[in-house]
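K.L.:
Spelled out, the chains give:
There are 4 protein chains.
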Amino acid sequence: MIKAAVLGSTGYAGIELVRLLSSHPEVEIKILGSQTFAGKKISEVYPNLVNVVDVVCTETDIDAAAACDVVFTALPHGASKAVIPALYEKGAKVIDLSGDFRYDDPKVYEQWYGEEHPRPDILAKSVYGLCELHRDEIKKTRLIGNPGCYTTCSILALAPLLHNKLVSTKNIIIDAKSGVTGAGRSLSLDVHFCECTENTKAYKVATHRHTSEIEQELGNIAGEEIILSFTPHLIPQKRGILSTCYANLNKEMSTQDVIDVFKEYYKNEYFIRVYENGLPETNHVAGSNFADIGAVVDKRLNRVIVVSAIDNLIKGAAGQAVQNMNIMFGLDETTGLKNAGFYL
Amino acid sequence: MIKAAVLGSTGYAGIELVRLLSSHPEVEIKILGSQTFAGKKISEVYPNLVNVVDVVCTETDIDAAAACDVVFTALPHGASKAVIPALYEKGAKVIDLSGDFRYDDPKVYEQWYGEEHPRPDILAKSVYGLCELHRDEIKKTRLIGNPGCYTTCSILALAPLLHNKLVSTKNIIIDAKSGVTGAGRSLSLDVHFCECTENTKAYKVATHRHTSEIEQELGNIAGEEIILSFTPHLIPQKRGILSTCYANLNKEMSTQDVIDVFKEYYKNEYFIRVYENGLPETNHVAGSNFADIGAVVDKRLNRVIVVSAIDNLIKGAAGQAVQNMNIMFGLDETTGLKNAGFYL
Amino acid sequence: MIKAAVLGSTGYAGIELVRLLSSHPEVEIKILGSQTFAGKKISEVYPNLVNVVDVVCTETDIDAAAACDVVFTALPHGASKAVIPALYEKGAKVIDLSGDFRYDDPKVYEQWYGEEHPRPDILAKSVYGLCELHRDEIKKTRLIGNPGCYTTCSILALAPLLHNKLVSTKNIIIDAKSGVTGAGRSLSLDVHFCECTENTKAYKVATHRHTSEIEQELGNIAGEEIILSFTPHLIPQKRGILSTCYANLNKEMSTQDVIDVFKEYYKNEYFIRVYENGLPETNHVAGSNFADIGAVVDKRLNRVIVVSAIDNLIKGAAGQAVQNMNIMFGLDETTGLKNAGFYL
Amino acid sequence: MIKAAVLGSTGYAGIELVRLLSSHPEVEIKILGSQTFAGKKISEVYPNLVNVVDVVCTETDIDAAAACDVVFTALPHGASKAVIPALYEKGAKVIDLSGDFRYDDPKVYEQWYGEEHPRPDILAKSVYGLCELHRDEIKKTRLIGNPGCYTTCSILALAPLLHNKLVSTKNIIIDAKSGVTGAGRSLSLDVHFCECTENTKAYKVATHRHTSEIEQELGNIAGEEIILSFTPHLIPQKRGILSTCYANLNKEMSTQDVIDVFKEYYKNEYFIRVYENGLPETNHVAGSNFADIGAVVDKRLNRVIVVSAIDNLIKGAAGQAVQNMNIMFGLDETTGLKNAGFYL
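Chains as they are written, first to last, in my numbering: chain X, 15 to 358; chain F, 15 to 358; chain G, 15 to 358; chain E, 15 to 358.
Keep in mind that the hints are not guaranteed to be accurate.
Repeated chains share a single entry, so a pair holds when one copy, or any two copies, can fit it.
As a list, the in silico DSBU-like pairs of lysine-lysine whose alpha-carbon atoms are at most 35 Å apart [to be verified]:
#	residue 1	residue 2
1	Lys277	Lys265
2	Lys277	Lys44
3	Lys352	Lys154
4	Lys277	Lys55
5	Lys218	Lys313
6	Lys104	Lys179
7	Lys277	Lys184
8	Lys265	Lys17
9	Lys313	Lys179
10	Lys218	Lys104
11	Lys277	Lys104
12	Lys313	Lys104
13	Lys265	Lys218
No lab work stands behind these hints: they were computed from the structure.
The shape of chain X in the complex, shown without the other chains (with noise of 0.2 Å):
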């Protein structure tokens, strides 16, 4: 049995994993940590898990998190950052969910968070999360950057095309929407429920941290810088992340012909499901480990139009980092995966 901690467990990203892990054949969950309830059973934070994880949380300790096999960090930013350094000096394998350790290059984390990179040199070990992209050298790292939520939707929905050099690296434009949990379990007047029920609205817009992430993804497999537009929406609904990716194509092609580059790429990942007919709807993978990936070609404008949805919680954090934790450990990668969604 893999040994697992968890920090920052009382998160909505850290109750989604240890939700997973707790019905994940291989794990055994060690060490809850929550520095807000540090002393009570993760079971009266979350009464859904009466029976099925009783475990008592407790404060943050280096140590004793390091002498598990795997620590998933799930806090804050910027705590994230004060925690893993230790932890990955200590030996421990380390599964981030922050955006602390996704970048190549520590200046685009600068650039992007405002401020310098705490250490550029353990920053340069770690491996970028997606697992389809990566699943090679994550393998071979003790240090995953889990990529982010919208990330993760929206790169799965271009990096065909990108790579088969089909579609201009201008006018590359992502219009995603995101179900509330995507904002965390912090209050705000924001997530209130009266001001986000009824409601839908962009936000952050041209100035999303994610989209340094997919710029910096998909440039690399395009082999060319790519800059492009990123909005995200907040929707309501608790689950679920719509991207819209619209790209110009760089020769005629039907959406048939589109749909077989995507069926072609993904011709082995389990998790990647390609429509042959329609498009994904959030409630196609609410509740999975899937990302649904659709498309269409507007012929009159020679665009195709993209449409992919992960549930954010899962594809989007908690089950990437279970997916990659099966890597690390050489298991089946859909170990404690495989259940379809809620779909109700």
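Since chain X is already given, all that's left is putting chains F, G and E on it; use the hints.
P.N.:
Below, chains F, G and E without anything else, positioned relative to chain X:
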């Protein structure tokens, strides 16, 4: 492996059963019956199932179904009546999710369903599949009348009090609130998003059929006839039932006294979670097979208010059906059902 | 034109009042008090008001407020206590939306609010502003204790039966469901979208303060003390309260008999709509000042179930406050309140 | 008083029109047409209207309707085609909410609706009723093609930029999100609560008919043909459209520069609210006739992102119809439409 057939697999109870069976370690789904979608893969009807369950739906074939180890029937009211006698007589183990085989007395069926029971002989063989109350009979039967959702939630909330003769059998009132999946997949203005969301209503006041199931079971426990008020409400959410139950105490008791009674009564039940503090909410159980119960005594009135919550699709339908199957086949009762709810 | 001040204008009850007053033909909004947003336009806080109400919020100024023709106080509990005596003594007409001036007997206040009433002398001058029950007193007073939302909905549902001595005063049970605006704009995990949506719960069982208001008013109508069960629930919608009320009939009556009693009792009331057929739902009243009432008699139990619905922000708060103002100033009671609800 | 007929009064656009007309000070509702509910009071179909509008619905009677001062047609697609020529030829003033009379060129209609336009002669008389763009023509016509909801929201967001030739006419992308009332009252699985709530999806990608209206109007403003991407999405809320519009600037401009252009262009428009700070959200406009617009320039790409929001049932349908009526009858354009949105 237990070979399973699900007839009526594309309704909401049916598809939830398919979802649960797909991750059950001892079950192989052999037959998915659907009159509407025969010839299509179940995953074309419910895209969340792609790569998980891609079985092709078939029209009802009694022989083929009866050749399976267990047949679940989740057919519309009336349809199961026609199919189940045939299945039963061919020797199948049948778990029926309709109301047709839930009664001790065909007269009660007649009174609430407005028609004679077509097969009182087979009704006499059936066992009411509320696992926690009828476990021993379930072990020995080949025909389960799987309880209604409101019923399960309400009976579990009152059984310990009536068993111990702690409350008056007069003036029992059950005020229940259900999510919209309880209304099924059929189209009607009542389930139109724009008529449902931001709306709460009572319906079938004093006439809902589940009343008769509740009265039958509680009457059996109390050892006397019980007539009570049961009021169902539709609330704007997908899953979940909350029953708020009122009963007058026969003697002075504190809240803690009542909780202790529940704790004792359900001490061996994995799926019943009695609250020491606080009260159940529907999202504590959404996605799981748990039934959560809490209670408050109103000292001013010497009245107890019991609040219980289940996921109507799971403990109220598909999960309980699986639990019944586990019992019937001698498996650990929690097999395939031990996951925590979603909460988020 | 009536010059109006609203103190506490940026909470949910306050802003609904501003919205209603903005389209009232006889009112000019002079002062919008807000400790938090003083110096900002109200339309900066609530952008829906741009071009409609662009008044700048100010800190509480008793003299300025008292110089208006009417002062509405929609302050947090406790804050109104401090302000209202000063306003009242300066001669203002005051309509208070808090619980502080709703009681006949300061002892009852003490019992439910856990503190002595600070100004029993002024409490003695106040009138309970449930318009349909206290119209004549409202005409003559300068201080209104505007009723609670649950209270209004529940009292109106039971008054005709108690007035006519048709039901037992024992075993009255009110099971009420409220939208989340009832919890106000303050931040807490309870109103986080992800904790609220897809969730229903009971809260403050047997201890909610509105119980005491209901008991006071129904006791006055019945001419005897009434102690009853009142259970509030939070449901995942913004607006609306549904009260499901249970009472045992003193003699045999049919559903039609009961409806006739309601029709007669409310025959001159524009805002009370008694249902000949069917039952109220919250979206029948959302957005309007109506209180809708329907009833069913359960012949088996000789028990009546009355279902009533209001918009908690309107008939349950701001609309009733305007109705009270109309009465106090001798206007047609429906002025500014005659619009239909949104339904959609 | 203007005598008004509404044909198709019980669909969602129709009933919203009835609601708005019921509080319009210059209108008397004379005829409410409904094939389905003829003989019933409108308030039996929509109980929110009891005591406000209790008119009895009637079957379509062209002569009776044409005898009114204005006829609103909110009929299903196809039905209006049959009725409007007759009404028009009898001399009625007609405001049609369908797509049948919105086109300059019958060929465009043919292309997007897949059938010949039945009456190009009458189409030639109609005016596109986007009030802010066609006010002078509206004053003089007897036939209005009231714009689509997506259309209104999107055209208003781009008109100032194209009018001033500030953006390229290539690479315009409109990504729009609509509440479910936009899908109307007809039953389909798409609008089943359980399929809709907690779900977001794109639909009719590259083929939605509103694309052609947007291209027509923006092409007229730009003075050149425009072909653009328009992608509609269904989001789990009742009301509201949010359009996120992307266009490449022809020269360097700041966010403030763009906002100033919008401010200037709409400086005399009461119903257009340009944001100096922040961006519109759908609940800023829900319940009102306002169209809210904000913009951000992405300096890295010299691209402008314009976000606009309307209530699809009001400015996107019934409210704009009333605004058109006000213009046609020489009333103050804001009559009956000056209320603030609900926000809550």
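K.L.:
Tell me, please, which holds for Lys277 and Lys55 at an alpha-carbon limit of 35 Å: within, between, both or neither?
P.N.:
between (45 Å within a copy, 19 Å between copies)
K.L.:
Is it within a copy, between copies, both, or neither that the alpha carbon of Lys277 lies no farther than 35 Å from that of Lys265?
P.N.:
within (19 Å within a copy, 40 Å between copies)
K.L.:
For Lys104 and Lys179, with the copy left unspecified, which applies at a CA distance of at most 35 Å: within, between, both, or neither?
P.N.:
neither (43 Å within a copy, 61 Å between copies)
K.L.:
If the cutoff is 35 Å on CA atoms, where do Lys265 and Lys17 land: within, between, both or neither? Let me know, please.
P.N.:
Intra 51 Å, inter 51 Å, cutoff 35 Å: neither.
K.L.:
Can you tell me if Lys352 and Lys154 fall within 35 Å by alpha carbon in one copy, between copies, both or neither?
P.N.:
Both: 24 Å inside a copy, 34 Å across copies.
K.L.:
Reference check for the pair Lys313 and Lys104, CA-CA at most 35 Å: within, between, both, or neither?
P.N.:
Neither. Shortest intra-copy (56 Å) and inter-copy (43 Å) distances fail the 35 Å Cα cut-off.
K.L.:
Evaluate Lys277 and Lys44 at a C-alpha cut-off of 35 Å and name the case that applies: within, between, both or neither.
P.N.:
Intra 40 Å, inter 28 Å, cutoff 35 Å: inter-copy only.
K.L.:
Cα distance capped at 35 Å. Does Lys265 pair with Lys218 within a copy, between copies, both, or neither?
P.N.:
Close inside one copy (33 Å) and across copies (23 Å); limit 35 Å.
K.L.:
Since the copies are identical, ignore which copy is meant and state whether Lys313 and Lys179 lie within 35 Å (CA to CA) inside a copy, between copies, both or neither.
P.N.:
both (19 Å within a copy, 26 Å between copies)
K.L.:
Check Lys277 against Lys184 for me: Cα-Cα at most 35 Å, and say if that holds within a copy, between copies, both or neither.
P.N.:
both (24 Å within a copy, 30 Å between copies)
K.L.:
Up to 35 Å between alpha-carbons, please classify Lys218 paired with Lys313: within, between, both or neither.
P.N.:
Both. Shortest intra-copy (32 Å) and inter-copy (14 Å) distances satisfy the 35 Å Cα cut-off.
K.L.:
If the cut is 35 Å between Cα atoms, do Lys218 and Lys104 qualify within a copy, between copies, both or neither?
P.N.:
neither (37 Å within a copy, 49 Å between copies)
The earlier numbered hints that this structure contradicts are 6, 8, 10, 11, 12.
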